[in-house]
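J.: The residues making up each chain are set out below.
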Amino acid sequence: MTTNLTQILSKADLEALKTRAHAALDSDALRVVVCGGTGCSSNGSAEVLIALRQAIAAAGLAIKVDLLDESQMDALSVDFSGCSGFCEVGPIVRILPENIFYVQVKAKDAKDIVERTLIAGQAVDRLLYQDKNTGERYIHRDEIPFYVNQVNIALTDCGLIDPADIRHYIAHNGYEALAQTLEGKTPEDVVQVITDAGLRGRGGGGFPTGRKWGITLKVPGEKKYVICNADEGDPGAFMDRSVLEGNPHAVIEGMILAGFAIGADEGYVYVRAEYPLAVQRMRLAIRQAEQSNLLGDNILNSGFGFHIKIKEGAGAFVCGEETALIASIEGQRGMPRPKPPFPAQSGLWGKPTCVNNVETLANVPRIILRGSEWFRQYGTEKSAGTKVFALTGDVVNTGLIEVPMGTTLGDVVFKVGGGIRGGGEFKTVQIGGPSGGCLTKDHLDLPLDYDSLRSVGAMVGSGGLVVMDDETCMVEVARYFMNFTQSESCGKCVICREGTKRMLEILEKITSGQGVPEDLETLEELAETVRDGSLCGLGKTAPNPVLSTLKYFRHEYEAHVWDKKCPAKQCANFKTYWIDPARCKGCRMCAKQCPVEAITGNLKEPHVIDAEKCIKCGACMDVCRLKAVELQ
Amino acid sequence: MSKSITVDGIQVELNGERNLLEVVRKAGIQLPTFCYHSELSVYGACRMCVCEIEGRGLQATCSTPPEDGLVIHTNTKKTMRIRKMALELLLAAHHGKCPTCDKNGACRLQEIAEQLDVKLVRFQNNVDLIPVDSSSPSIVRDPNKCILCGDCVRMCREVQGVGVLDFIRRGSNVRVGTAFNKPMADVECVYCGQCVTCCPTGALTVKSDVNRAWEAVYDTTKTVVVQVAPAVRTAVCESIGCDGEMAMGKLAAALRRMGFDRVYDTSFAADLTTVEEGTEFLKRLETGEKLPQFTSCCPGWVKFAEQFYPGFIENLSSCKSPQQMFGSLAKKHLPEILGVKREDLVIVSIMPCTAKKFEASRPEMVTDGMPDVDMVLTTQEVIQMIRQSGVVMKEIEPEALDMPFGFKTGAGVIFGASGGVAEAVLRLATTSEAGGGVMKFNAVRGMAGTKETSVDINGRTVRLAVVNGLANAKALVERIKSGEAEFDIVEVMACRGGCIGGAGQPLPNDMPARERRRGMMYDCDSMQVVRNAGDNPYIKEAYANWLGEPNGHEAHELLHTQYQNRRRIVGEPIEVRPSTAVDKAVVRVCLGTCCYLNGAYDTMHNLLEIADKKGLGDRIEVKASFCFENCQGGPSVEMDGVLHSKVTPDTVAQFVEQVVEPHLKQKA
Amino acid sequence: MVEMHDPARLAERKFERVNEIIAECGANESSLIPILQHVQEEYRYLPEEVMSFIATALDIPPAAVNGVATFYAQFSMEPKGKYLIRMCDGTACHVRDNRALIDATKHRLNLAPGKTTTPDMRYTLEVVNCIGACALAPAVVINDQVHGQMTGDKIVALINEIDANEADGAEK
Ligand SMILES: Cc1cc2nc3c(=O)[nH]c(=O)nc-3n(C[C@H](O)[C@H](O)[C@H](O)COP(=O)(O)O)c2cc1C
Ligand code: SF4
Ligand code: SF4
Ligand code: SF4
Ligand code: SF4
Ligand code: SF4
Ligand code: SF4
Ligand code: SF4
Ligand code: SF4
Ligand code: FES
Ligand code: FES
Ligand code: FES
Ligand code: FES
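Residue numbers (my numbering), protein chains in the order written: chain A, 1 to 632; chain B, 1 to 668; chain C, 1 to 172.
By construction, these hints were calculated from the structure, which means they are not laboratory data. Please read all numbers here as calculations on a predicted model, not as lab measurements. Misleading hints may appear alongside valid ones.
[Said to hold, decoys possible] Once the Cα atoms are required to be at most 16 Å apart in a straight line, the calculated EDC-like pairs of lysine to aspartate or glutamate come out as:
#1 B/K84 / A/E528
#2 C/K14 / B/E52
#3 B/K78 / A/D445
#4 A/K509 / A/E528
[To be verified] For the chain B half of the interface with chain C, some residues (derived, Cβ under 10 Å), not all of them:
#5 V162
#6 F167
#7 N173
#8 F180
#9 E188
#10 G339
#11 T593
#12 K614
#13 L616
#14 F626
All residues carry an ideal CB built from backbone N, CA and C; glycine is no exception.
Using the sequences and the accompanying hints, generate a full structural model.
T.: Have a look at this one:
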């Protein structure tokens, strides 16, 4: 973006800019929006954008150079947007105002899009999304089953506006909540609205945001801080990344409002270093907001000032924990410290500090603008609003979804997610990542909200939702998560440092077939002790995957330990590869592949595997075209 | 209504307790702890001290502030399970054999395992062994016995302001160690040993010289004499329950029984120090030079100053410490008195201190290739030796010390407490020829970390400061540096409370113990007939017979020394500009802290530019180095083995012209 | 001005950068992590002596710098290869069978057990927890470029391509 931004010095200035930007953006002129999120970028959406621009120019159509250029009112605009959530079928191209939704677009498709859609007004069939279950094709985004059951609040405008141009956000009511607030509202008013809305922290804990702000407001102190927690360490979750990439200004506006509410004039965004694009977009957005005087000293001439700095994490899951995060900003090892004192009392450099998650903050401007009642209409009594989940795993549609709190697990997996991919059967969902627990078939009717989930030993967590089919070994799942948490433990407190290590050892023992019955007892005792005795949330929640799998799938553990069997046939040490002599034609393919020469047999005669030699790599099974190699 | 907390059904009134642990202790319950230390910041990592708080669940008591009305339970199924499991997990990762461990009998891990009746460790010890670091003259670090309580880390950084030890890596790979795992001898450790005093296990221990001492005693060709430091007596009396004079007498008897030939008192040398240092101070006061004068009897502080405050090195009193004054005087005159050859005289000090071991090994403290003090034993080591020998202290009859170095004044005794040196000097300075000086200066006494006062000496107001704990010293020096504070004389002791809290003293070495020892020091002082160092008849004799004038020529030879700039960390230089030329000049620019602050980076930058301008870019190899121990002369630059001082960004051109270019010409 | 591309001046330029970085980030403890991040970009790892220098400039104990550098996964005390291949082992990628992918890469790079960098310093393989491209699982990042829905064949092809480019570059 090269445009010089105008200074916005009053609410009227903002209104004026909004009117112009809105007219330019959402006029009847065509808009082509190419997804520029991480997913689509990695699939070549930049080339698609260039190809589209070239094809449009070649067709003699004008492309808007600057959003507010009066002479170009009717020209086409072709921009990048953030993630639309459906990255799996990216790169995604949307044609507005009709909202035609093209998937898996390649540069070579540009010509067709220009000629058939932009000029002739027709859809290009082959680029339309096709439902994998029914085979049906959909033209418009909002008809697609993946989107039908979603409600967007935090993700509003992600995938629609250009995150690199602040005026896009302004056109969509951006910074209006801030302008309204600075015009005569008090911090207490803001706290009240957020409290009434029932917004709860989306970072995992679900602590009522209004209450947190109220507490921090009341702590006396000249200097206070707001921290936006964008560490998103849950492996398998990427909603905060998408919000930062797709609509960074919503987060900035949320932070300024939080600052106003608690009496802070400085904020930090602590973002994972693994998210370079998010960092870059956020930086740009901060710069533009500063240039527009929507961030900095004396915002909108109100006398209130707020500054934001970015701190990049350096690869430590535990730094999502707020006291560790604060230590990390201060330049120290990210080791949590005991609470109390809570950050609200003594946080960054000992000053009162309010830590909020990205998604929490992104909800704030909407709530201020539309009121607490509007927000409460979504979700449940105790868990208002929506929640963004990262739906991944063995499900047909994977991606980012935003659904009202309280939507049932079944609806998420089967309606939004389209059911289990590859024809397998639903077995379990791991919710809340390494701190969460598993849910089973019995929970398909469970509403996904803070309290229902907690009651069954799981948690919303950051919102990772990994669907697994019946080929999943639950002991292995527990081992996987324990491996994660133990390698991410900061090592400060004995119980977590040593306890997670020993739990992992036991799980490894069990999955490798060495488990003995006493191990289950020790494992359970360890899990409960680590849960009760650890210093911080990482340790306290680390045993959840173990405890919940023990609760719902104890028989699988027992099968490993007692019967030396992995019921899901996943644990390598329990497998034996066997060649069915009835099917084997003796082609020798497998014998050539076998790295340890465990397969013998003469050409055109059935082959045999020497179980002693076999290292269970599975190569033979992969190469046999006749499916003669079996796992037992 | 006063505020209170219910602990296991007992109502405990709140009275300024800082945390629940203190409240629980008040209720008569001793919860086990590893990582809590009342003088350090809250850490909350060992989880031994957990309790259940109604409505709040499990919390570590050491890190929870007390609040009115809390109802807590310390002994529940959950709390006990956590404690026992934590211990089981620690033991599973612990490499140690108690019977041969230096901490055996004084180890908290051992004690708590026994207390909690942990009898089963279900996990295999599969932690790799790490080599023991015994490079330091004072401290041995055995990481295999470390339970990562972090006490040493906080002690070194928070109380001593040094920060030698820190955590390394994370998760189950966490270890405590030095920067880049360097040996302790290669980093900025000042050997104060305070980390050792708080280590609950055998991971940090004092380097033992017990075997060397026995060897000397058993060697019939040697005459082994000991000097006993002031603070030692307080710890010895603790163990036998008597006063300080009595303890010295019993100690002398025991040492003779064990085979030591003579027993002297370091307090005698402390009196000498007072006279020398007092004279030096009055001189400086007169000339107004090198003020404030810093005391130099604490080797921990001296090394600290050498490393971190090279600009203040000349402010240090040039006096040797009492231990070393004793050493050089004794090595010079005892051979004649005792009729032995100098090389057959072995001087052993018994010190409350670990840094004294380092001090005795300093090259400045060696005369004709022989150290002035041959070995240093800590109080703990000597108690160990007494136990080894089987001598029963309680029963042994006290004996008098040997003369002439056995006579001391009260001033020499109080050297062991923070404020003691300052008070000894004040007593001397306020006493005229006719006598009648002030013998009590309350303002410099006590356990406070920093004490400031002013005293009238000869009609002049003298401003003095007394600090203990090096972090306090650091803060004070910073204030002096910035001009915020001005003093004429500053006493610094590295250990909290002074030498009575030295790392060689027996455990516990906590605030109550130090407070007790301090009391004994001053009791012992008031029992002395002579309380002003200048009035010590044997000191007067020493001047008359051997030393001449205080601060005179002979006194200077024997009793004074110099200090050196000292690098903080040993490391390789950084390649800045390599050169492949055969006829190159290799220039190393110091970027150590002092030189860096004096503009060494710009010196280097200019050097590179000048080299390029002169077309010598390819022939001058430039490296960045860390401290040539010439910090006062910084920016320091080295070429061809020669060190050049004050090569500033402006004078570096001259350096190239006058030093580098001729060198290059010669090579070509 | 010094020739910045001259390989003989590389060490100099790097060191020059260290000082610039310290100046840009501010010489105080809270800048330590950003400083280490930028310095690692220059050197591709954190040399011990440079860390000592940073400790000097920030006036904090070298042990504290070492403590921070060894705490965070991003920092490396050993030089990394020119191409940093980060393979995701986050949950989403894990359940989409990334094991085979990692094995294929190790095999292609011929990495000795326990080694992560090829002897020619061209590649470093790191297994990381989630790079936020979970919907494209399994995902791989090569020097900041994300590659989604990877397979063993695809990664081998990518590496072959890099090798070919490098060979070209060397010829030129
Ligand atoms: C181990 C651990 C990791 C966490 N990771 C994150 C994270 O990545 N993002 C986040 O927003 N909160 C995370 N949290 C929660 C934060 O500590 C904190 O509660 C949250 O940022 C508060 O914001 P909220 O009230 O808006 O949810 C984590 C907590 C723990 C214990
Ligand atoms: S629970 Fe684990 S992550 Fe948290 S402080 Fe303890 S060791 Fe560190
Ligand atoms: S590849 Fe299949 S058919 Fe061929 S020899 Fe092996 S098992 Fe038999
Ligand atoms: S599984 Fe692997 S090792 Fe075993 S027989 Fe097949 S190819 Fe050989
Ligand atoms: S540290 Fe303690 S428990 Fe360990 S060997 Fe020594 S005495 Fe025994
Ligand atoms: S306490 Fe037990 S293990 Fe230790 S020395 Fe005595 S018998 Fe041996
Ligand atoms: S001896 Fe003193 S300076 Fe050295 S590590 Fe211990 S506390 Fe720090
Ligand atoms: S060395 Fe001692 S004091 Fe330091 S962490 Fe280890 S056990 Fe604790
Ligand atoms: S204060 Fe005393 S015991 Fe401590 S280091 Fe200094 S001289 Fe030694
Ligand atoms: S990145 Fe394009 S839809 Fe997610
Ligand atoms: S003493 Fe309380 S946690 Fe260690
Ligand atoms: S810092 Fe010591 S000589 Fe340069
Ligand atoms: S789990 Fe692999 S990218 Fe997130």
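J.: Would you check the hint for C/K14 and B/E52, treating anything up to 16 Å between C-alpha atoms as holding?
T.: The hint is violated at about 55 Å.
J.: Straight-line Cα separation of B/K84 and A/E528 no greater than 16 Å?
T.: With Cα atoms ~13 Å apart, B/K84 and A/E528 stay inside 16 Å; holds.
J.: Are the Cα atoms of A/K509 and A/E528 separated by 16 Å or less?
T.: 19 Å, violated
J.: Sort out whether A/D445 lies within 16 Å of B/K78, counting only the CA atoms.
T.: 34 Å, violated
J.: Against chain C, run the beta carbon of B/E188 and see if the smallest gap drops under 10 Å.
T.: This interface hint holds because 7 Å falls under the 10 Å limit.
J.: The hint names B/N173 as touching chain C; please verify it with the least Cβ-Cβ distance against 10 Å.
T.: Holds: closest Cβ of chain C sits about 9 Å from B/N173, inside 10 Å.
J.: Checking hints one by one. Is B/K614 an interface residue toward chain C, by the C-beta closer than 10 Å rule?
T.: 13 Å, violated
J.: Grab the minimum C-beta distance from B/T593 to chain C and call the hint holds if it beats 10 Å, violated otherwise.
T.: Where the cut-off is 10 Å and the nearest Cβ of chain C is about 5 Å from B/T593, the hint holds.
J.: Would you settle whether the hint for B/F180 is holds or violated, based on the nearest Cβ-Cβ distance to chain C being less than 10 Å?
T.: Holds. Min distance 5 Å.
J.: Quick check on the hint: B/L616 CB to chain C CB, less than 10 Å?
T.: Result: violated, 13 Å to nearest chain C Cβ.
J.: Given B/V162 as an interface hint, is the shortest Cβ-Cβ distance to chain C below 10 Å?
T.: Status holds, d = 7 Å.
J.: Regarding the hint that B/F626 lies at the interface with chain C, is the smallest CB-CB distance below 10 Å?
T.: Interface hint status for B/F626: holds (6 Å vs cutoff 10 Å).
Going down the numbered hints, you'll see the structure goes against 2, 3, 4, 10, 12, 13, while the others check out.
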